[in-house]
Amino acid sequence: MKTNFSLLFYMKKPKNYQKGVAPIYLRITVNGNRAEVTTGRSCEPSQWNTVSGRSNGKKEEVKSFNAYLDDLQNKVFEAHRQLTEKDDPITAERLRDQFQGKIEKQCTLIDVFKDHNYKMETLVGFEFSKGTAERYRTSLKHTVEFLQWKYNISDIDIRKVDHAFITEYDFYLRSVRKCANNSAVKYLKNFGKIIRICLTNGLLTTDPFQNYKNKIKKVDRVYLNEEEIKLIANKPLASERLAQVRDIFLFCCYTGLAYVDVKNLKKGDIVTGIDGEKWISINRQKTNVPSRIPLLPAASILLNQYQNNRFCLNTGVLLPVSSNQKMNSYLKEIADFCGIHKQITFHIARHTFATTVTLLNGIPIESVSKMLGHTNIQTTQHYAKILDIKVGADMALLREKLIYN
Numbered sequence: 274m275k276t277n278f279s280l281l282f283y284m285k286k287p288k289n290y291q292k293g294v295a296p297i298y299l300r301i302t303v304n305g306n307r308a309e310v311t312t313g314r315s316c317e318p319s320q321w322n323t324v325s326g327r328s329n330g331k332k333e334e335v336k337s338f339n340a341y342l343d344d345l346q347n348k349v350f351e352a353h354r355q356l357t358e359k360d361d362p363i364t365a366e367r368l369r370d371q372f373q374g375k376i377e378k379q380c381t382l383i384d385v386f387k388d389h390n391y392k393m394e395t396l397v398g399f400e401f402s403k404g405t406a407e408r409y410r411t412s413l414k415h416t417v418e419f420l421q422w423k424y425n426i427s428d429i430d431i432r433k434v435d436h437a438f439i440t441e442y443d444f445y446l447r448s449v450r451k452c453a454n455n456s457a458v459k460y461l462k463n464f465g466k467i468i469r470i471c472l473t474n475g476l477l478t479t480d481p482f483q484n485y486k487n488k489i490k491k492v493d494r495v496y497l498n499e500e501e502i503k504l505i506a507n508k509p510l511a512s513e514r515l516a517q518v519r520d521i522f523l524f525c526c527y528t529g530l531a532y533v534d535v536k537n538l539k540k541g542d543i544v545t546g547i548d549g550e551k552w553i554s555i556n557r558q559k560t561n562v563p564s565r566i567p568l569l570p571a572a573s574i575l576l577n578q579y580q581n582n583r584f585c586l587n588t589g590v591l592l593p594v595s596s597n598q599k600m601n602s603y604l605k606e607i608a609d610f611c612g613i614h615k616q617i618t619f620h621i622a623r624h625t626f627a628t629t630v631t632l633l634n635g636i637p638i639e640s641v642s643k644m645l646g647h648t649n650i651q652t653t654q655h656y657a658k659i660l661d662i663k664v665g666a667d668m669a670l671l672r673e674k675l676i677y678n
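In the numbering used here, the protein residues as written are 274 to 678.
Hints in this document: simulated from the structure, not taken from any laboratory.
Certain hints may be false.
Result set (DSBU-like, lysine-lysine): computed pairs, CA atoms no more than 30 Å apart in a straight line [to be verified]: (1) Lys536 x Lys559; (2) Lys387 x Lys462; (3) Lys488 x Lys414; (4) Lys392 x Lys459; (5) Lys490 x Lys462; (6) Lys539 x Lys392; (7) Lys392 x Lys285; (8) Lys462 x Lys433.
Label pairs and their calculated CB-CB ranges [to be verified]: (9) Lys451 x Gly475: 22 to 28 Å; (10) Thr648 x Gly374: 21 to 27 Å; (11) Cys380 x Lys451: 48 to 54 Å.
We put the beta carbon where it would ideally sit given N, CA and C, even for glycine.
Could you put the whole structure together from the sequences, leaning on the hints where they help?
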């Protein structure tokens, strides 16, 4: 709410005043209500200018005196700015207390969020992955932008985060940021962690998420079928960059590796498995969960093609992986060349491994889950649910086995 406030320096002579200097006071007026505070300075009445609220004269002590009053005035303006930025109610008394440093520093949302992110980034590689830290950086960015969009402030007292704040933030993510349902829910889940920190530390007494209900909606995962994999593998491509992207994408179709994991894949990650064959042995960067994947012949052939690649030799990685954005852009070109009308992104390779390459070829879901590095087999079951073709094939085998007389 807009407030009208003014400042006035004035001389306040005591009741028993006879002669000599008199104390100078500062009067703060907000919407007609006043609060006074002594400046700790005095002045001769003959030198005091009631119009300017300053002492007359050009001597150094006069200049120093007036500069002191100027500094006090600036501090009051700064106190007003601080209260406005925090969206705190502004009264003459509260402004005076803020100016004098009597108001205890309030715990603010963005400060808590930044502190959380700093600690998380310090523990990257130990307790958190780079991807997790990046998601919280993005969540903080969205929160800062929401405060500016909705309240025109850069931070807010944590105690003002209520149910209405959550619903408005949800609306902002969906309408302004154009987030799909699942993205909005995930950002609010990250935000919910910050709220839980505040609740645990007594900074909040009521959970603003208490009556907030929203959940992840199931989405059909896009994957390539066997014919589409062969089409991409055998399609002549005009440039080396497209051929490299195609090879790396196919390698992930045969291994199930996510972008960040194949980008960081090194020679030491290829080990001899229990069966005497080559395996990939890594901890997934996203979850730090172990992932052990036997190398299929097609994947081994693709790896061997890049043994002498200059980029790989210089960086120590096994494949020349570009940025995720570039990979996705090139994959779109490849899909167009192949006449594939699916929205292909790099992550589709992982879906393809889970469905076409493994589950559809009879690999037990428990084995698929372990290779993908899933922490919960229910995550893997999402792939199994979309494979009607597998259900049909299994039932066809059953029909052949069941003989009725």
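Each hint tested on the structure:
1. Restraint check for Lys536 and Lys559: satisfied, since their Cα atoms lie roughly 13 Å apart, inside the 30 Å limit.
2. Simply put, Lys387 and Lys462 have alpha-carbon atoms about 16 Å apart, close enough for the 30 Å limit, and the pair holds.
3. For the hint linking Lys488 to Lys414, the alpha-carbon distance of about 22 Å falls within 30 Å, and the restraint holds.
4. Between the alpha carbons of Lys392 and Lys459 the distance comes to roughly 20 Å, so the proposed pair stays at or under 30 Å and holds.
5. Between the alpha carbons of Lys490 and Lys462 the distance comes to roughly 14 Å, so the proposed pair stays at or under 30 Å and holds.
6. The suggested pairing of Lys539 with Lys392 holds, with an alpha-carbon distance near 29 Å, which does not exceed 30 Å.
7. The suggested pairing of Lys392 with Lys285 is violated, with an alpha-carbon distance near 53 Å, which exceeds 30 Å.
8. The suggested pairing of Lys462 with Lys433 holds, with an alpha-carbon distance near 19 Å, which does not exceed 30 Å.
9. For the pair Lys451 and Gly475, the supplied restraint of 22 to 28 Å is violated, since their beta-carbon distance comes to about 37 Å.
10. The given range of 21 to 27 Å is broken by Thr648 and Gly374, whose C-beta atoms sit roughly 49 Å from each other.
11. Between Cys380 and Lys451 the Cβ separation comes to about 32 Å, which falls outside the hinted range of 48 to 54 Å.
In terms of the numbered hints stated before, the structure departs from hints 7, 9, 10, 11, listed from lowest to highest.
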